[in-house]
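Undergrad: Chain by chain, the residues:
2 protein chains.
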Amino acid sequence: MTSILTEPVTGPSAWRAADFTGEDDWVVTLTPEEIHELDAALTSARIRELPLEALTMADFPLPALGKTLERAVQDLEFGRGFTVLRGLPVERWTPDEARLAYWGIALHLGTPVSQNADGELIAHVKDYDEGGLDNPATRAYRTRNALPFHTDSSDIVGLLCLRGAGQGGGVSTLASSMTVHNHLLAHHRELLGLYYRGFVYDRRTEEGSQELPYYRNAVYGYFDGQLSCRFYMTHYIESAVAKTGIPLSGIERHALRLFQDIAERDDHRVEMTLRPGDLQLLNNNVVVHGRSAYEDDPGRRRDLLRLWLNTRYARCIPEDFARFRRGMPRTRR
Amino acid sequence: MTSILTEPVTGPSAWRAADFTGEDDWVVTLTPEEIHELDAALTSARIRELPLEALTMADFPLPALGKTLERAVQDLEFGRGFTVLRGLPVERWTPDEARLAYWGIALHLGTPVSQNADGELIAHVKDYDEGGLDNPATRAYRTRNALPFHTDSSDIVGLLCLRGAGQGGGVSTLASSMTVHNHLLAHHRELLGLYYRGFVYDRRTEEGSQELPYYRNAVYGYFDGQLSCRFYMTHYIESAVAKTGIPLSGIERHALRLFQDIAERDDHRVEMTLRPGDLQLLNNNVVVHGRSAYEDDPGRRRDLLRLWLNTRYARCIPEDFARFRRGMPRTRR
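So the protein sequences, as listed, match chains Z and S. With UniProt numbering as the guide, the letters of the first sequence map in order to residues 1 to 333. With UniProt numbering as the guide, the letters of the second sequence map in order to residues 1 to 333.
Wrong hints could be hidden among the right ones.
What the hints assert, rightly or not - Simulated restraints, written as ranges between beta carbons of each label pair:
1) S/8 with Z/6: 15 to 25 angstroms
2) Z/3 with S/6: 47 to 57 angstroms
3) Z/210 with S/56: 51 to 61 angstroms
4) Z/3 with S/95: 45 to 55 angstroms
5) S/53 with Z/6: 12 to 22 angstroms
6) Z/3 with S/292: 29 to 39 angstroms
7) Z/312 with S/241: 35 to 45 angstroms
8) S/241 with Z/316: 42 to 52 angstroms
9) Z/211 with S/50: 49 to 59 angstroms
10) S/33 with Z/253: 50 to 60 angstroms
11) Z/63 with S/6: 56 to 66 angstroms
12) Z/312 with S/6: 50 to 60 angstroms
13) Z/253 with S/208: 23 to 33 angstroms
Stated by the list, open to error - Taking lysine to any residue and the SDA-like style, the derived pairs with C-alpha atoms no more than 25 angstroms apart in a straight line are:
14) S/243 with Z/35
15) Z/243 with S/208
16) Z/243 with S/314
Stated by the list, open to error - Part of the chain Z face toward chain S, derived, beta carbon under 10 angstroms:
17) 3
18) 197
19) 252
20) 320
No lab work stands behind these hints, which were simulated from the structure alone. No residue lacks a Cβ here, since even glycine has one placed at the ideal position from N, Cα and C.
Given only the sequences and the hints, what does the whole structure look like? Please build it.
TA: Written as structure tokens, this is what we have:
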């Protein structure tokens with residue numbers, strides 16, 4: 001059986017807004033030496049003309065930046081669960097160079113995994129003109145809608161800002177799902193089991209031909225003395241109802257709304273606006289993230305390069321808690 | 001939204017085994033005068049040769065027994081939620097007479113409702129040779145299996161014993177689901193939400209042609225200051241999994257097992273063996289019932305006549321909490 005954690009989570013992952021004085025607490029600005037090292041690694045990797053998947057960490061020697069990245073991984077796994085690396089020179093890189101440099105950094109952080117049915121390892125988070133979140137055939141990252149608090153499927157998500165939203169919006173918000181659990185335990189203990197049971201999510205047309213178009217996933221799981229969270233997009237729950245024929249109960253709707261409300265509290269959430277060259281890294285196990293809606297300038301779309309990855313310190317989680325943690329299966333060719 | 005009761009239930013419905021000294025606390029033996037009155041009403045109703053559905057309370061005048069039945073309804077709705085009327089002369093009645101007399105009593109208790117897709121208003125609880133509970137095309141009352149604690153769909157269930165099990169078994173067990181809730185609240189509060197969300201149940205081939213073969217129902221609901229329970233057969237949950245493709249989570253299995261374990265505690269449950277002529281009446285809103293497996297004598301099957309009914313004091317419950325409370329839709333002709 002799955003047990004429910006009935007003690008508060010302590011330590012740096014259970015942070016609150018007041019634990020930070022400002023962005024200096026989580027922004028790590030890369031030094032000129034680190035940028036130089038990255039450019040040199042990029043140049044040597046480009047010369048080899050290998051596909052991304054064929055490259056290894058050894059193809060991107062980063063003796064100094066590598067130590068910074070190791071500290072970032074430690075912050076993600078054992079600290080507050082998020083960090084921002086600032087100053088990647090995305091404006092002077094070509095799109096291909098940005099992609100390759102990002103990949104090189106990713107190999108130092110962990111193992112990138114597929115993010116969708118096309119098997120994409122680096123995906124553009126931007127408006128694809130496929131409509132909004134209410135379109136059950138599209139995924140959230142392909143819209144410019146406000147996204148409520150959620151996690152992605154992998155352990156770690158990286159968002160490298162290439163271009164911000166010209167007409168404003170797209171503010172990033174984070175909250176500690178450990179702090180949300182502490183709040184639920186203290187004030188709504190009778191609801192906890194609902195989150196451990198979880199919800200049924202729509203695969204949003206990404207299922208294989210022999211698979212059901214939905215699956216159940218827990219929001220919280222307590223394994224080996226560690227609490228982990230998977231809070232996928234509530235819109236995927238709503239669109240799954242049409243496929244299962246099983247409506248959400250009033251208590252489930254209440255629990256979903258309550259999770260958002262607790263995460264959104266002023267004393268819980270932090271906000272940040274990513275600049276071009278900022279790489280935001282989040283540990284989905286302990287942090288939920290969202291963003292406000294945004295508007296693009298004509299012909300210049302907000303563009304974040306997204307990575308999903310698992311690091312070398314990845315915690316043990318059963319398969320049925322985080323089914324796509326090691327990547328979304330490639331079901332389209 | 002549905003709210004969760006976070007105070008203990010008090011009053012006679014939250015009983016424990018030690019609240020009773022023995023069956024004298026719940027058995028009401030009918031007097032010779034009451035039996036005589038019933039026989040007279042039976043005779044006058046038979047002469048009219050009307051179908052059961054055409055008869056009304058006025059066709060069964062029971063001035064004395066009627067008062068006893070009113071007290072039974074009060075016990076069901078406002079008291080401990082169960083009672084046994086003893087001494088119905090089923091052994092000298094023909095099967096048709098027993099059926100008609102039972103119907104007459106039922107009209108004094110409340111309104112009988114359909115129990116299955118055939119629209120049966122009085123069903124025989126006996127072994128139909130359709131296999132056991134594991135056959136997903138049969139319902140529990142048609143087997144001789146042990147039945148774990150459960151409720152039926154209507155508010156009230158009546159079981160009139162025509163014949164016991166010749167080779168033993170079939171012992172009836174009851175527990176207060178109000179006491180189970182009190183225990184959960186005190187010792188497993190974090191699980192309560194799971195019961196208020198409920199489970200998905202198999203319709204067991206009784207769905208209409210335009211209906212899904214399963215539906216979700218809550219175990220507990222708190223409405224208008226009153227807690228109510230619907231804990232349908234766990235076997236129906238298991239067989240629904242094959243139809244939805246959504247497996248039970250570990251925490252759901254734990255919650256289902258825990259409910260049984262709490263109800264089965266020696267300090268919670270009471271046991272009784274029904275004799276021919278015993279009419280056991282239970283309020284599903286506050287009492288769960290089960291029975292042990294049994295073996296029949298060759299050619300003489302254990303036979304209980306079952307009624308589902310709603311009484312004039314029926315509590316207000318939303319439709320989505322107890323969908324078939326007013327009867328299982330007749331979908332077979």
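Undergrad: Hint by hint, say whether it matches the structure.
TA: These are the hints, each one checked on the structure:
1. For residue 8 of chain S and residue 6 of chain Z, the hinted distance range of 15 to 25 angstroms is satisfied, since their beta carbons lie about 20 angstroms from each other.
2. In this structure the hint that residue 3 of chain Z and residue 6 of chain S lie 47 to 57 angstroms apart at CB is violated, the actual value being about 22 angstroms.
3. Checked against the given bound of 51 to 61 angstroms, the beta carbons of residue 210 of chain Z and residue 56 of chain S, roughly 58 angstroms apart, stay inside it.
4. A hinted range of 45 to 55 angstroms for the beta carbons of residue 3 of chain Z and residue 95 of chain S is consistent with their spacing of about 53 angstroms.
5. Taking 12 to 22 angstroms as the suggested C-beta distance range, the pair residue 53 of chain S and residue 6 of chain Z does not conform, at roughly 54 angstroms.
6. Residue 3 of chain Z and residue 292 of chain S have their C-beta atoms about 32 angstroms apart, which keeps the hinted 29 to 39 angstroms range intact.
7. Taking 35 to 45 angstroms as the suggested C-beta distance range, the pair residue 312 of chain Z and residue 241 of chain S conforms, at roughly 37 angstroms.
8. Our hint of 42 to 52 angstroms for residue 241 of chain S and residue 316 of chain Z is violated, since their Cβ atoms are close to 26 angstroms apart.
9. For the pair residue 211 of chain Z and residue 50 of chain S, the supplied restraint of 49 to 59 angstroms holds, since their beta-carbon distance comes to about 57 angstroms.
10. A C-beta distance of roughly 56 angstroms is found between residue 33 of chain S and residue 253 of chain Z, which places it inside the suggested range of 50 to 60 angstroms.
11. As the Cβ distance of residue 63 of chain Z to residue 6 of chain S is approximately 58 angstroms, the hint placing it in 56 to 66 angstroms holds.
12. Roughly 44 angstroms separates the CB atoms of residue 312 of chain Z and residue 6 of chain S, a value that falls outside the hinted 50 to 60 angstroms.
13. Residue 253 of chain Z and residue 208 of chain S have their C-beta atoms about 27 angstroms apart, which keeps the hinted 23 to 33 angstroms range intact.
14. With a C-alpha separation of about 56 angstroms, the suggested pairing of residue 243 of chain S with residue 35 of chain Z is violated against the 25 angstroms cut-off.
15. Simply put, residue 243 of chain Z and residue 208 of chain S have alpha-carbon atoms about 19 angstroms apart, close enough for the 25 angstroms limit, and the pair holds.
16. Proposed proximity of residue 243 of chain Z and residue 314 of chain S is contradicted: the alpha carbons are some 35 angstroms apart, above 25 angstroms.
17. The criterion of a C-beta within 10 angstroms of any C-beta in chain S is met by residue 3 of chain Z, whose closest approach is roughly 8 angstroms, and the hint holds.
18. The beta carbon of residue 197 of chain Z comes within 5 angstroms of a beta carbon in chain S, closer than 10 angstroms, and the hint placing it at the interface holds.
19. The beta carbon of residue 252 of chain Z is positioned within 10 angstroms of a beta carbon in chain S (closest approach about 6 angstroms), and the interface hint is therefore held.
20. The closest approach between the C-beta of residue 320 of chain Z and any C-beta of chain S is roughly 8 angstroms, which is under the 10 angstroms cut-off, so the hint is satisfied.
When each numbered hint is compared with the structure, violations occur for hints 2, 5, 8, 12, 14 and 16.
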